[in-house]
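Student: Each chain is listed here by its residues.
Number of protein chains: 2
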Amino acid sequence: MNNFVFHNPTKILFGRNTISSIGSETAQLGTRGLLVYGSGSIKKNGIYQQVTDSLKLANVEITDHGGVQSNPLLSQVRQGIAKVKEHNLDVIIAVGGGSVLDCAKAITAGSLVEHDVWKFFTGKKSLKKTLPLTTVLTLAASGSEMNSGMVITNEITQEKFGFGHRLLYPKTSILDPETTYSVPADYTAFGAVDAIAHVLEFYMTAENKNAPVQDRLMEGLIINAMESCEKCLTNPQGYQGRADLMWTATLALNGLTAAGLGRVGFPMHMIEHSLSALYNIPHGAGLSAIMPGWLKWKIQTDPQKTAQLGQRVFNIDTSDKTKQATQTIDALSQWFDKVNSPTSLSSFNIPETDIPHIAKNALALAKIWRLKEYSAEIIEKILRLCLEGGPEI
Amino acid sequence: MNNFVFHNPTKILFGRNTISSIGSETAQLGTRGLLVYGSGSIKKNGIYQQVTDSLKLANVEITDHGGVQSNPLLSQVRQGIAKVKEHNLDVIIAVGGGSVLDCAKAITAGSLVEHDVWKFFTGKKSLKKTLPLTTVLTLAASGSEMNSGMVITNEITQEKFGFGHRLLYPKTSILDPETTYSVPADYTAFGAVDAIAHVLEFYMTAENKNAPVQDRLMEGLIINAMESCEKCLTNPQGYQGRADLMWTATLALNGLTAAGLGRVGFPMHMIEHSLSALYNIPHGAGLSAIMPGWLKWKIQTDPQKTAQLGQRVFNIDTSDKTKQATQTIDALSQWFDKVNSPTSLSSFNIPETDIPHIAKNALALAKIWRLKEYSAEIIEKILRLCLEGGPEI
Numbered sequence: 020m021n022n023f024v025f026h027n028p029t030k031i032l033f034g035r036n037t038i039s040s041i042g043s044e045t046a047q048l049g050t051r052g053l054l055v056y057g058s059g060s061i062k063k064n065g066i067y068q069q070v071t072d073s074l075k076l077a078n079v080e081i082t083d084h085g086g087v088q089s090n091p092l093l094s095q096v097r098q099g100i101a102k103v104k105e106h107n108l109d110v111i112i113a114v115g116g117g118s119v120l121d122c123a124k125a126i127t128a129g130s131l132v133e134h135d136v137w138k139f140f141t142g143k144k145s146l147k148k149t150l151p152l153t154t155v156l157t158l159a160a161s162g163s164e165m166n167s168g169m170v171i172t173n174e175i176t177q178e179k180f181g182f183g184h185r186l187l188y189p190k191t192s193i194l195d196p197e198t199t200y201s202v203p204a205d206y207t208a209f210g211a212v213d214a215i216a217h218v219l220e221f222y223m224t225a226e227n228k229n230a231p232v233q234d235r236l237m238e239g240l241i242i243n244a245m246e247s248c249e250k251c252l253t254n255p256q257g258y259q260g261r262a263d264l265m266w267t268a269t270l271a272l273n274g275l276t277a278a279g280l281g282r283v284g285f286p287m288h289m290i291e292h293s294l295s296a297l298y299n300i301p302h303g304a305g306l307s308a309i310m311p312g313w314l315k316w317k318i319q320t321d322p323q324k325t326a327q328l329g330q331r332v333f334n335i336d337t338s339d340k341t342k343q344a345t346q347t348i349d350a351l352s353q354w355f356d357k358v359n360s361p362t363s364l365s366s367f368n369i370p371e372t373d374i375p376h377i378a379k380n381a382l383a384l385a386k387i388w389r390l391k392e393y394s395a396e397i398i399e400k401i402l403r404l405c406l407e408g409g410p411e412i
Numbered sequence: 020m021n022n023f024v025f026h027n028p029t030k031i032l033f034g035r036n037t038i039s040s041i042g043s044e045t046a047q048l049g050t051r052g053l054l055v056y057g058s059g060s061i062k063k064n065g066i067y068q069q070v071t072d073s074l075k076l077a078n079v080e081i082t083d084h085g086g087v088q089s090n091p092l093l094s095q096v097r098q099g100i101a102k103v104k105e106h107n108l109d110v111i112i113a114v115g116g117g118s119v120l121d122c123a124k125a126i127t128a129g130s131l132v133e134h135d136v137w138k139f140f141t142g143k144k145s146l147k148k149t150l151p152l153t154t155v156l157t158l159a160a161s162g163s164e165m166n167s168g169m170v171i172t173n174e175i176t177q178e179k180f181g182f183g184h185r186l187l188y189p190k191t192s193i194l195d196p197e198t199t200y201s202v203p204a205d206y207t208a209f210g211a212v213d214a215i216a217h218v219l220e221f222y223m224t225a226e227n228k229n230a231p232v233q234d235r236l237m238e239g240l241i242i243n244a245m246e247s248c249e250k251c252l253t254n255p256q257g258y259q260g261r262a263d264l265m266w267t268a269t270l271a272l273n274g275l276t277a278a279g280l281g282r283v284g285f286p287m288h289m290i291e292h293s294l295s296a297l298y299n300i301p302h303g304a305g306l307s308a309i310m311p312g313w314l315k316w317k318i319q320t321d322p323q324k325t326a327q328l329g330q331r332v333f334n335i336d337t338s339d340k341t342k343q344a345t346q347t348i349d350a351l352s353q354w355f356d357k358v359n360s361p362t363s364l365s366s367f368n369i370p371e372t373d374i375p376h377i378a379k380n381a382l383a384l385a386k387i388w389r390l391k392e393y394s395a396e397i398i399e400k401i402l403r404l405c406l407e408g409g410p411e412i
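Residue numbers (the numbering used here), protein chains in the order written: chain A, 20 to 412; chain B, 20 to 412.
Pulled out of the complex, with its shape left as it was, chain A reads as follows (with noise of 0.2 Å):
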């Protein structure tokens, strides 16, 4: 095991009517705020009217600031930032999901500053404090509620660049699994594909290859993603299957699994943020395209890691590493047809000539997440993997 400091201070309440309790910890941090949510369905399902009666209980006084959207925009940012100091605001409020909570971050640490806040995620400037954040979760996805990551889309650019700091961590954070009942069917797959993804990227490039207690953590995360998401998708209104799939979700990039690991990386989320900053697609849908080929290629030289997952999980039992880690991407990828999920780029109608352009565009976030290994070269072949009936391994 590698030297690793473990600090993560969020405070979460999870579980029913746990909403109303978001007006008293909010009101420990600040009393002017900023409410950053969505697309205005919390509206519709009653979620913002409990948000903002609890809030109002607790005299936190609210300044609105919805419509962030998937792949959240730094331009949404900068609006919120602005609110925050023309009203003079203390604290920031987010009800959603892992974008809204990923804006209200950015929020936190751009309101503090004269500079801009893209200045963060390119490296050029170091966060040095930050607005307290508060969250209501409404999507078993990003883990967002309980770390200290955030990932946001500079359309200018079309660079999607993520982002993390100690100061980053929501103080407190809502889990209510009853929130997600209206999830539909696809965003509830992509939400624990995310979830999986977060945990195969740590699983397959620690630096330290021999952490039995980090693995056994994370294969017990990976089955109970699937299994929860099966739940949730053959019963949407199951308490039990939003309850662990909300959970897992978090539990999956909350720190714990990548303490011990020493250096990991995130290749699969950097090539997928590249469809998502040019093809707008959801960060899910995009993940499980990516990863049977990035799987593919990552086993041409190390089978090993791939094989004892599919042992672990898929109960794949064979001598021949190899052999055994193409089917267990072969297995991955059932499941992700299973629950209607993408497995290649072809499912978008990307087509293969636009591969030089998206490699490209990912070679940007490769260089700044320091993936050395990635060359333009290497991330067009995983890109060609990635294509359905790609090219032979």
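Be a bit skeptical, because a hint or two may be false.
[As the list claims (entries may be wrong)] Covered by chain B, according to a simulated footprint, are these stretches of chain A (three or more residues, beta-carbon under 8 Å): (1) 24 to 33; (2) 228 to 237; (3) 259 to 268.
Derived by calculation from the structure, the hints in this document are not laboratory data. Ideal Cβ placement from N, Cα and C applies to all residues, glycine included.
Model the placement of chain B on the given structure of chain A, informed by the hints.
Tutor: Quick look at chain B alone, frame taken from chain A:
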């Protein structure tokens, strides 16, 4: 999944050469520290020197409080509190295993009140504030380094009682696996047994039986406790085994396994605490002597969960749940045997005639911990199942 609050604010510094950070971590909290430690082995192996050097460098003055023994005594807690009050100390530093850490936690609780600290354990007073605590862990076992619980023995009343409160989380805990290289084989095994017991208590007693996310986490931890313990016994100075066991024991009781299970109990600890209090038996040794007997009692009415443990941890596969559960208990006992940890009361030469006395002692804790289903008669019955060649079930 039941509703839960999860908020574990302890900062973990894990790995080699981390002890040198104890000074800077402590200096953020106070400048006049009480240094709590055990029998003095840390003076022989150089850890005391490392800790005091680091504290000195950070300008933290130290008052010594050594000599804390295994199954830490109330009198030693009171002596520590007296020193804090006499010298007006403002931070506590614990260097040792769970006993030292628990003694230090009790001192953090008792130093800011006028009444006797034992009143927290008997439920006569509630905790409002504590002094801050930093720790350097030297034994993988109790999980105290990242949780809010403590256990103290009142040597006058022969009561070993536990108490938990959110104010008792250490601020920072330093976990350097190399500090455990010198832990002898028996205490290494007892530590692993303690971690297994912590997981099994929740696994077996969860109010909410339908907790697949937690189940996978707990099953993984039990496998890791066993595998890493064996590595440590084979190669006591092997970093990998020591590191895996240390982090496993921490995760086994840091709140994660219990989150969402609803009400959980510590019935095996309830009984074991009486053994420790009456016979001063090492805690882990007492636990492994109790576990098989308690499980035999449990599966008489509820074999399901023990059967699942057998399937997922010991690969015991049969459709007869009672048979599967019985074989699971055998497999667990065999593993205790393998690492030379006791599997029955007979290992301590405790005669059957002592059973009523032990049960009476345990009953007092059963009442405080609200383990309502445990009458003296039932505890006696379980204890008889803990005798070698005890009654068949």
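Student: Look at each hint and say if it fits the structure.
Tutor: Structure-based check of all given hints:
no. : hint       : verdict
1   : 24 to 33   : holds (count 10)
2   : 228 to 237 : holds (count 5)
3   : 259 to 268 : holds (count 5)
Violated hints: none; the structure is consistent with every hint.
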